[in-house]
Each structure stands twice: as C-alpha cells, then as structure tokens.
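Novice: Use the sequences and the hints to build the structure in full.
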Amino acid sequence: KTRNEEQLKKLQFLETLDHLELDFWLNPSTPALPVDVRIPAHSLQAVKVFLESHGIEYSILIEDLQVVLDREKQDIVASQQMERSSSAFNYGTYHSLASIYQELDNLASEYGNIVSKIQIGESYEKRPLYALKFSTGRGNRPAIWLDAGIHSREWVTQASAMWIARKIASDYGNDPSTTSLLNNLDIFLLPVANPDGYEFTHTTNRMWRKTRSKNSGSLCIGVDPNRNWDAGFGGPGASNNPCSDSYHGPSANSEVEVKSIVNFIKNHGNIRAFLTLHSYSQLLMYPYGYKCTPPADNAELNTIGKAAANSIQSLYGTTYTVGSICTTIYQASGGSIDWSYDYGIKYSFAFELRDTGRYGFLLPAAQIIPTAEETWLGLKTIMEYVQDNPY
Amino acid sequence: MPGFRAALPAALLLLLLSSFPPAAAEQPPWPWTPGAMHALNPSDRHASRAAWTALHYSNYHEASPSTLRALRQVLKATVKIIPGLGVKYYLQFTTEGYINGENAGSCLATVLYLKKSPPEVYIKCAHTQDKKQIQEEDNKFYHYLHHQTKPIIANNIPDSHGNIDRAHLPLWGLAIAGSSYIMLEKSTENLGYFMAQVKAVKQRIRKDSAVEFEFIVLLHETPTQKIELCHMHLIWTLSPPLRVKYICTSDNHWLEDGSGQDYGSAAGLFHEKEGNF
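Sequences listed follow chains X and F, in order. Under our numbering, the first residue of the first sequence carries the number 15, and numbering increases by one thereafter. Under our numbering, the first residue of the second sequence carries the number 361, and numbering increases by one thereafter.
No lab work stands behind these hints, which were simulated from the structure alone. Bear in mind the structure is a predicted one, so any value in this text is a computation, not a measurement. Treat each hint with caution, since some may be false.
Pairs of lysine-lysine, BS3-like flavour, derived with a Cα cap of 27 Å [what the hints assert, rightly or not]:
| id | chain 1 | residue 1 | chain 2 | residue 2 |
| --- | --- | --- | --- | --- |
| 1 | F | Lys475 | F | Lys605 |
| 2 | F | Lys436 | F | Lys484 |
| 3 | F | Lys484 | X | Lys305 |
| 4 | F | Lys500 | F | Lys484 |
| 5 | X | Lys131 | X | Lys62 |
| 6 | X | Lys320 | F | Lys436 |
| 7 | F | Lys510 | F | Lys567 |
| 8 | F | Lys605 | F | Lys546 |
| 9 | F | Lys510 | F | Lys605 |
| 10 | X | Lys140 | X | Lys280 |
| 11 | F | Lys436 | X | Lys305 |
| 12 | X | Lys305 | F | Lys448 |
Specialist: Structure (structure tokens):
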C-alpha cells in the first residue's frame, strides 16, 4: 500500500524488473488504491527488502498460493466426480433397467476407443438385449463371454457386471494385465441377460427368477432360463411344471433370451471362455450339472477354479467353494455352462456371488462394490489363464 | 434316461419311469454300505444343507435374537445310513453372527434325517460372546419390543436393496428365530431353506410380559428355487421356548391366478383377520 506518489513510482519501477517475474494483479496506478502482487519464491527476499527499505507498507494476503491452487484443483476434480456419480451412475447402488441401459451408452461413449454397445437380440417382451464389446483389435479375435442377471432376482450380479464393465474400460492402458488381456482377446459382457425379469423385480415381485414368457395351457408365467439350454435338457433338477421356479420350458432354447446368446456364440465362432454370474452361495463351478460324471477337463478346470477362488479371497477374505455344479450345488439339467462346454468352449465357469444365506438375494447395496471388486479378481485370474492357454 | 442303470427289464423300467416324480427334489443314490461311516467332501451340498438344518434347530431353540448364527464353512462331514431309520450326518463347521456377520465360532452337530418326522439335531457351539453381553442384548431387544404403546407394523425387511432400518433389526432377529422353527420342520436331506425376507410384520400388544407378533415371511427353498410364503404367529417371553404357529402356501398357489401377484398383497391379511389360526 503506497502512501504517496514517490512510493508509487518505486512500485512502478519494480514492475519493470522482468527478472523478478512479478505478477501484478492490481497495478500501481494511484496511491489511493492498494496494489496486489504475486511474487515467485525466488524473488521474495529481494522484494521484501525493496519494500521495507522504501518504507512501503505491505501485508501478505496468501502465504503460499501454490497450496491454495492445488487444493482448489483437488476440489474441482472431486466435485466433478461427485457430479458424475450423483447425476450419472452410482456403482454402489442398485439401478433400474433404464438407468443401466443409459450407463451402457455412457461407457460406450466415454471409452469409445475400446468399448462399443451391441444388441444381440430382444427379450420376450421386446426389450433389447444389450451387451458391451471390449476390443482393441480388428477382426474376430478369440473372445471371452461374460453374462449376468439371467436369474432376475440375483441383483448383485447385474450390479457387479456394471462395475466390472467400467473397471475393464478404465484399466485398459493403466493396468498391465488388463491391457495385455485386451491386446490379445475381446470381451463380451451382457450385464442384464433377462431384462423382462429384471423389470418385474422392480415393479412387482422382487423374488422373480424366470423369464416372463407365457406358457401355453397354463396361467403360470415364465421359464427358468438356466434350465432351458440344450444340455441334458429336461433331465433331473428341472421341472416340467410351468408354475415351478425351475421350469425348463417346452423345449431347449424356447426362451428368446437363451436363443439369442446361443446364436451370438455360434455366429461369433471364436469364443474361448464362457463365464456367467449368479447369486447367492459363494461358489465357483464348472460342468457338469446335468450329470454327475466329471468332465474330461475336470482336473484343469478345478485347478483354475481354485486359483480364481484364491484371488477372490485375497481381497476381503470371502471364501468360495470350488467344484462341479453337480457336486457343489445340485444336479441341474439344461444349464448354460454345460451347453457351452459341450459346444467346445473348454473354459466354462459359473459363479454364485455373495452371500451364503443371511441376506441371500437381498444383498445390501453397501456390499455391491466389494463383491464386484473381489469377483473381478477371480474373473481376471480365469481370463489371464485363457489368454495364456490358447486351444 | 439319466440316473437309471442298464440291466432292468423293460416293464419294470416303464413302471419306475412313470412313478418318477417330475418336480421332486433329487434322490441321492448313496452307494455306501449302511451302518458304516463315510467321509464327505466338506464342499458337498448335503453337508452344508445338514449344517444349516442344525443351525435352524439352534436358532429356534435358543430363542435369542443376539445369538442367531449363519453358516460360514463346513470343515468336516461324515454320513451314516441307518437302515430303517434314516441318514445321520456328523458335522464340524464355522459360523458367523446372523445379524452382525462377525465370526461366531465353530460348532459340532449331528443331524438325523428321518423318514416321516422332522430331523433330530444335536448341536454344540463354541461361545465367542460373553454370556452377560448376550443377555443384555436380548434384554434390550425384548424391552424395545415390549414397551411399544402402538403396535409395530412394518414391511419388507430387508427391503429390495438389502437395507434394514436399525429399528427393525430386532424384528428381523425374531423373524429368523421363528422361521427357523418352520425351516427345521421342513428340512430334509434333499430340501434346504433360507429366510429370504420378512414381507410384513404386525405386533399384537399384550398385557402380560410376553411379546407377540404376526409375520409373513418368504422362505427360499433349495434346490427347487421355490419361494414359499408362510404366515407365522410368534410369542416370545425372553427365555425359550419360542412359541410358533404357522401355515405356509407354496409358490404355485400364488402364481395360479396368473398375475404374478406381489406377495405383499398378503400383508392385507393382517388388516382383515384378527383371530389366531
């Protein structure tokens, strides 16, 4: 703050000294007005001495501007993230179908270089079946298939699939193993394999499991989509009663949701692994379900499964049991990984995610992200193995 | 035809095929000699099913919402066929608190599945909680419920997103304890149960020291995947036994009207009926 013309002239002289690199925010114009200056650290001593020797009053407004700037930047980034999560998609909560489908578009647009949205068919009630394709290459690369939500009440699976989708996209280029994975393989992810059922769990019955197809000759609706695959179809562990929650349907692939996946896999022709998410029970299973005899690749699949279960456990201590469907959960015919395995996709695994019975299907939203994080580690272990073991 | 061995005469085979129940729970073809103990892989579904049966027994008989347990992992399991009587499982497993999810120690149990009556269970669990602390917590639960001037009414515990209001935790606990009685009675070697949700609960205020509730609970049946709806009436006096009366309607019944009706409509029952069954 200058008191007179003479002091003002001194300040104006200071302005001319380029080597000091002074940044005058308020230029010295008249003695009445204060002058604000940003002084770089290396000039601080010199300026202080100058001002003091000429009796010019000064006060420090901001001690260290850099600190303030850094914090401000942090705040901006944080609020941007908050803005995104509050107005866009909170991965730690359960979402409607519409909200999920909106986020698929967001992911495809945000990570357009590696993510694209594809439609593999339509549900019984004509809802689109949207999947994400993760690809860094051209042509028909060997690929991994991952689906969730084939049983609509298993909400943690659709929710985890969304988190995993964002994780894969954002890790590419940052995480070595994901980067290597996508440099060699494509990934197809179907987060809501049964959209009609999912919608129904939101509007009417949270415990709905099946599709919503009409059954001729019955008032009961829906087919268990995981009894509808062409693998031991109609055998033990599936019901022929349309009112049952494990009704296998009138014939294999009668459900358009199932048929769409089958068609996609067959048309692609280069799927190397078939992975599917269910809940609950914390199990990691390989074929078979329709029969209790072990598959030819039993030993290898068991080894991979155990490695994946270890990866899952490494994060939060969550323990998974590994085994074939028949021995681990129950004999169940017409299941998806039995079909994929017999079709020739050797690395076929089914996950049953958290928990083991306390909350069951109603897993608290607070557990979505931890579940997704640990599940991703297990999936990654399998995918890395697939990458390293072409066949 | 899966599950059937070759060498049967055609006529007999036909007879067997026609009597094979279409939607039945699986029948394990135990190849073991009766009377002898056979080790089971701890990851075998029959072992975890038996362990849960034992826990249903304990969760009901303790009549203590703060000592409800859930299965963590089966450590050891053996099974013995007792000809003419049933199948007996011998189990060692770890548990966690049903309400808080924390380690609740390990248990030893035997579960004898009989042909025509509910399973017979013996179970002994290590105590990880201080007995006094348990009593205090149960007392807190009890007094909260007992001191209501207006009957508590609630729906959907947990809700669709898995959330439970703090105030509803004691209700969840009581429902689990009461449902455990139902689940114990229904459990077989091949059918297991979990309490999926409390659809509705209504308190009946009493003048005496007991606490009384009517519940509608959803039970998840495995491996059939059926959701069973049960109307349960429960009286709790802090110490065992928990008095439970119930009636269950299978999933089929509710779907026959074709509308896929929400089970919540059954909560309307509470507002219409006053009497006991």
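Novice: For each hint, tell me whether it holds in the structure or not.
Specialist: The hints, checked one at a time:
1. Lys475/F x Lys605/F: Judged against 27 Å, a Cα distance of about 23 Å means the pair holds.
2. Lys436/F x Lys484/F: 15 Å, holds
3. Lys484/F x Lys305/X: 36 Å, violated
4. Lys500/F x Lys484/F: Roughly 25 Å between the alpha carbons, so the hint for Lys500/F and Lys484/F holds.
5. Lys131/X x Lys62/X: Violated. Lys131/X to Lys62/X sits at ~62 Å, over the 27 Å cutoff.
6. Lys320/X x Lys436/F: 19 Å, holds
7. Lys510/F x Lys567/F: Holds - the C-alpha atoms of Lys567/F and Lys510/F are around 13 Å apart, at most 27 Å.
8. Lys605/F x Lys546/F: 14 Å, holds
9. Lys510/F x Lys605/F: 23 Å, holds
10. Lys140/X x Lys280/X: 22 Å, holds
11. Lys436/F x Lys305/X: The hint holds at about 25 Å.
12. Lys305/X x Lys448/F: With Cα atoms ~25 Å apart, Lys305/X and Lys448/F stay inside 27 Å; holds.
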